[in-house]
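Asker: Taken in order, these protein sequences are the chains called A, B, C and D. Here full-length UniProt numbering is used: the first residue of the first sequence is 1, the next is one more, and so on. Here full-length UniProt numbering is used: the first residue of the second sequence is 1, the next is one more, and so on. Here full-length UniProt numbering is used: the first residue of the third sequence is 1, the next is one more, and so on. Here full-length UniProt numbering is used: the first residue of the fourth sequence is 1, the next is one more, and so on.
Derived from the structure by calculation, the hints contain no laboratory data. Be aware that one or more of the hints could be misleading.
[As the list claims (entries may be wrong)] Some chain A residues near chain C, calculated using beta-carbon distances under 7 angstroms:
{"#": "1", "residue": "Gly-151"}
{"#": "2", "residue": "Gly-154"}
{"#": "3", "residue": "Tyr-256"}
Note that beta-carbon positions come from the ideal geometry of N, C-alpha and C, so glycine has one too.
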Amino acid sequence: MNSPGPTAEQVQLEVYRKVVTIRFAELRIREHVEKEGFGGFWHPGIGQEGLQVGAVSAMQPDDYLYYAHRGLGYAFAKGMELEPLFGDLLGRRTGSTGGKGGGTVHFADASRHVMGQGGTLGSSFVMGAGTAAASQLLGDGRVTVVFFGDGASGRGTWHEAALQASVWKLPVVWICENNGWALSARFTEQSPTEHVADRAPAYGIPGVVVDGQDAMAVREVTLEAIERARRGEGPTLIEAKTLRIRGHYEGDRQPYRDDPVLGDEIPNDPVHRLGEGIADDVRRGIDAEARALVDRAFDAALAAPRADDSVIFEDVWA
Amino acid sequence: MNSPGPTAEQVQLEVYRKVVTIRFAELRIREHVEKEGFGGFWHPGIGQEGLQVGAVSAMQPDDYLYYAHRGLGYAFAKGMELEPLFGDLLGRRTGSTGGKGGGTVHFADASRHVMGQGGTLGSSFVMGAGTAAASQLLGDGRVTVVFFGDGASGRGTWHEAALQASVWKLPVVWICENNGWALSARFTEQSPTEHVADRAPAYGIPGVVVDGQDAMAVREVTLEAIERARRGEGPTLIEAKTLRIRGHYEGDRQPYRDDPVLGDEIPNDPVHRLGEGIADDVRRGIDAEARALVDRAFDAALAAPRADDSVIFEDVWA
Amino acid sequence: MSAAAATTDRVIGYSRAINEALAEEMRRDERVWMMGQDIGRLGGVFGLTRGLLDEFGPMRVRDTAINETFIVGGAAGAALAGTIPVVELQFADFLFTAADEIFHKLAKWRYMHGGQFTMPVVVRLPTGVVGGAGAEHSQSLETIAMHVAGLKVAVPATPSDAKGLLKAAIRDPDPVLFFEHKGLYRVKGPVPESDEHVVPFGSARIARPGSDLTVVATGLMVDRALAAAEQLAPQGIDVEVIDPRTLVPLDIDTIVSSVERTHRLMVVHEASRTAGFGAEIAAQVHERAFFALDAPVWRVCGTDTPLPQDPDLEQACIPSTDEIVTAALALAAI
Amino acid sequence: MSAAAATTDRVIGYSRAINEALAEEMRRDERVWMMGQDIGRLGGVFGLTRGLLDEFGPMRVRDTAINETFIVGGAAGAALAGTIPVVELQFADFLFTAADEIFHKLAKWRYMHGGQFTMPVVVRLPTGVVGGAGAEHSQSLETIAMHVAGLKVAVPATPSDAKGLLKAAIRDPDPVLFFEHKGLYRVKGPVPESDEHVVPFGSARIARPGSDLTVVATGLMVDRALAAAEQLAPQGIDVEVIDPRTLVPLDIDTIVSSVERTHRLMVVHEASRTAGFGAEIAAQVHERAFFALDAPVWRVCGTDTPLPQDPDLEQACIPSTDEIVTAALALAAI
Ligand SMILES: Cc1ncc(C[n+]2csc(CCOP(=O)(O)OP(=O)(O)O)c2C)c(N)n1
Ligand SMILES: Cc1ncc(C[n+]2csc(CCOP(=O)(O)OP(=O)(O)O)c2C)c(N)n1
Ligand SMILES: [Mg+2]
Ligand SMILES: [Mg+2]
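Start from the sequences and build out the full structure, keeping to the hints where you can.
Answerer: Encoded structure:
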């Protein structure tokens, strides 16, 4: 969908296809975690796939992506195959990290500019700004997109990155997935302002609030922000309002939560919204293919060998 | 001047007395550095004494002070004597740190709630907020005032402290001495907004810009902010516009600077402004006393013994 | 303390022991309070602070935003103002997101200001490898805290020590980094009933007396060393296992006198080998007991690698009981 | 390298050598660029980057705001995008204000992502005691960098090594922490004329051959060890001085073979003694050469204290030539 000239309809179809694929992936992973468990934690992104895919659909293939820890929508939308993603999750040699990831993943794909993830929240603020500084220096015309949660917005790295990126007019776009929770902390109790985007003026950059359940709207504002960045006008802070449907990690019983949305009733479900404009039979066809793709990839990942101990000594230094 | 009921005139006289005393201290220290030098660096605060004294004059004796590294105005205004301050500067056993400070000082006075200073800029943002959190917990009615420079405003600790302090409505007041420079970096080149205070709305707190050369104006806005904090309404960010008259440290030749104000021509000199309302003879009397006080204290500090090596093993642990 | 419980001891978990210490000290001293992420409503990511919000209210059990520099730096400032903050970082690794606050502010404020202030802060640090938490959630970083003067460092290995050392830490006027091992949270053991079960810093525990080889181990490694000792006993090697319990202050005397009897020492730790605290213990023992040693001090340690995000692979990065046995056999044979 | 200059060597300062390395590497490779505080217009607080802004322009010599997490974390991100950032922190101590970026991002990104990325970042760190800069501006923190796998660590002691190691660091695909000693900036020495004067990491330099006692020293301590050796020679103690030059990788072989000849080793460093890298070198040498040693390895190190803000007192916290002499005499007498 990044090639020039697809129609609006084509774009929406492709966004739908990716979102629904990730939805099936979410369900498949949950099933696995409930039955088998695996190491680390799985942070489900169900219900947030729409904004992830919508935003990433606005990126060019060469643009850089720093994703957040909630789900796989970002990476899949950026072109990564499901099998290496599942492989990471399951600690398989075929995972994109070659077996060093498992559960909570640090998947990456250098060729697709999926840049990986740190375990400490907020480190991608400064890293993303630095990647954008490299693009500015090289004049490669690339834009860096950084996803983060409402909780991560509290880290000081945000401030250091945002000030410098604004002053240098770095080509970076920050997308906050505000799902209202940071683990057990309600956003409303940890933010003095209504929106994360209210912090943008402090940095002299645009702050945009968008309905995160509306994938195409997220795509639109992201397109604008990316164009602005590519024109050399500097960063934008986008805040996509969404919901955390499940627990912080799969298995979290959320004793702290007074509004648990535990089932699969996803308010304002991005899958449904995207599906609305699509003819029933087309949609059913896409769904069937997506489900098959997920099943094939998950089975293949499951069948792949686990990494043996020798990998622990690989890749410490180049 | 913190006792209830002094007249406006009395207050101004006292602020003048302190400002002019610090001015003489600045000149005495400069003379010493030029002639003898000493270890570390001396960051002159000449020209910024007005705002420092004005602001601190708004504090109660029990309020907590985290000062910045430019000059001695803050500490003297909070009630510290000159001799221990000079003692620190000169590495004397009689310094407030008992000989561990010298040059750039970490003076402190626990009894007067002069809380000291870290060597890394911006660490007082979080420390000051924490001190205020203690006051809130203890219900001791105290307010914490934190000074910092325009340069220090770039550190992420600002963001972490400001968000939390605002949400918790902590009794803390931040005062930025914006002197236009952070070492060789112009504020205008390192800030995306015109004022540091423009960042306040991001934290849902008042941001106030004040003429830092006008000590009494600084006092006024600080009084208001302190009252607000004491009422439990949370932090305020005050930005006092001032100038860095000299180099970053005494001896800095400022090769980077295109507007050197090297002499003692202090634009909008707070000493002159404060002196305007005071009768000549009264002023001359204050000046003479201030000069004598400085000379006595400096000579006494000079005459005091240096610390011997044994102090290095003191105070590592309690 | 031997495995057999004294009559007044209850058998409780390491987590529960920590939770009790917190509650008791908060009851004892009103100045004690806590902050950290998710410690209130949730009771902490590992459940260590459960029930404390209910008992002590939201002003003494405060949930922060995601702001480690505030959690630690704020604690420093709050300590200067007459309170005793006990803060939690969700993972010990996060001391790197608050490193200026820990290694500068906590460690040096008192010193820089000529002893005018004390800094009674406890930073609780869930540490070590468990369950595949990955390279930035599993490290054993206690050596760094040992290298920077001004901090005290506790590394409890049993429920009893977890409780007693934490109570000592809270009562200590100095900043304490308290490394609780995540892999021990569910381990149970005898803990004295008393409210005054305080384990002093700087006193090592001889976890198992022995005559042929001294093994110094901390945290999760103490049990593995003990298990190794049981396997070695029938092979004629009687291992003495010493748990220093605190690294700062370090009870080197107990270690040295053990080595003077056994003539051989092995240090076992989960932290990376290179420049880990095993090197310090080895260096000190060589300095003080060189001529009593029949062989060099050996170290069995974590690998010099980051930790992979996989529960099996990460175990391959830290010493197993088997490795300890193998090394002990080889060392005893020198 | 001996003190005598080869014919093609010029005698230049340590600062100048660093400045040359930066300029040459930026000329050689367009991807190399720099950021840091005050490195442009001012040429750095210590003058190390003078002239570079003029030659390479503001896009390759960028002044940042006061934001160490951006300087290091940004460098990490910029390295992933095909550039080679060489960044300056104004004082080595400030690695604590960017610790997550250094010890997590730089050190582990490659590993965590299965080797898909390389991380060619150099962090220049003006280190050590000079002129009374105080507790948070004077530390020697290289041991910490040695403990965390994934980083490389250089500690140049001479102008020649400063230049050659920095060039090697910039060409290295791994992140390098480059500890430049502030007390050496003005020291002059012979430096080869060549643009290709690259000193490989992991090869120690025998600064003075000797037969009676090996002294391993780094940074500012190398000259003090050499001065001590001159004082000891007339007393019949012929000291071999070894400068490892890099701590990661560490050329332990050169040290061990020296010890096999001299049978005695002393490690001298400015970093605090406890859990400093001297402990690691001591531990390794004991492990590998225990039976060749006539005495335990000794350490002469910085005190276990913060550093006072006073040029005299701080000198009392680090080894002097006299202390080295005294310790060497005592060690030789064992
Ligand atoms: C620096 C840091 N502090 C704390 C954590 C632990 N942690 C992991 S996820 C999380 C909550 C994040 O909330 P948010 O950013 O809103 O993302 P969400 O989980 O809601 O998608 C926390 C506290 C961490 N990984 N890094
Ligand atoms: C974290 C940190 N980074 C850098 C420095 C070095 N440094 C000391 S003062 C200074 C400039 C400070 O500027 P500003 O805050 O505006 O205060 P001013 O000197 O103008 O009063 C710098 C960069 C430091 N001390 N701490
Ligand atoms: Mg969230
Ligand atoms: Mg300034």
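Asker: Please write out, lowest number first, the hints stated earlier that are contradicted by the structure.
Answerer: none
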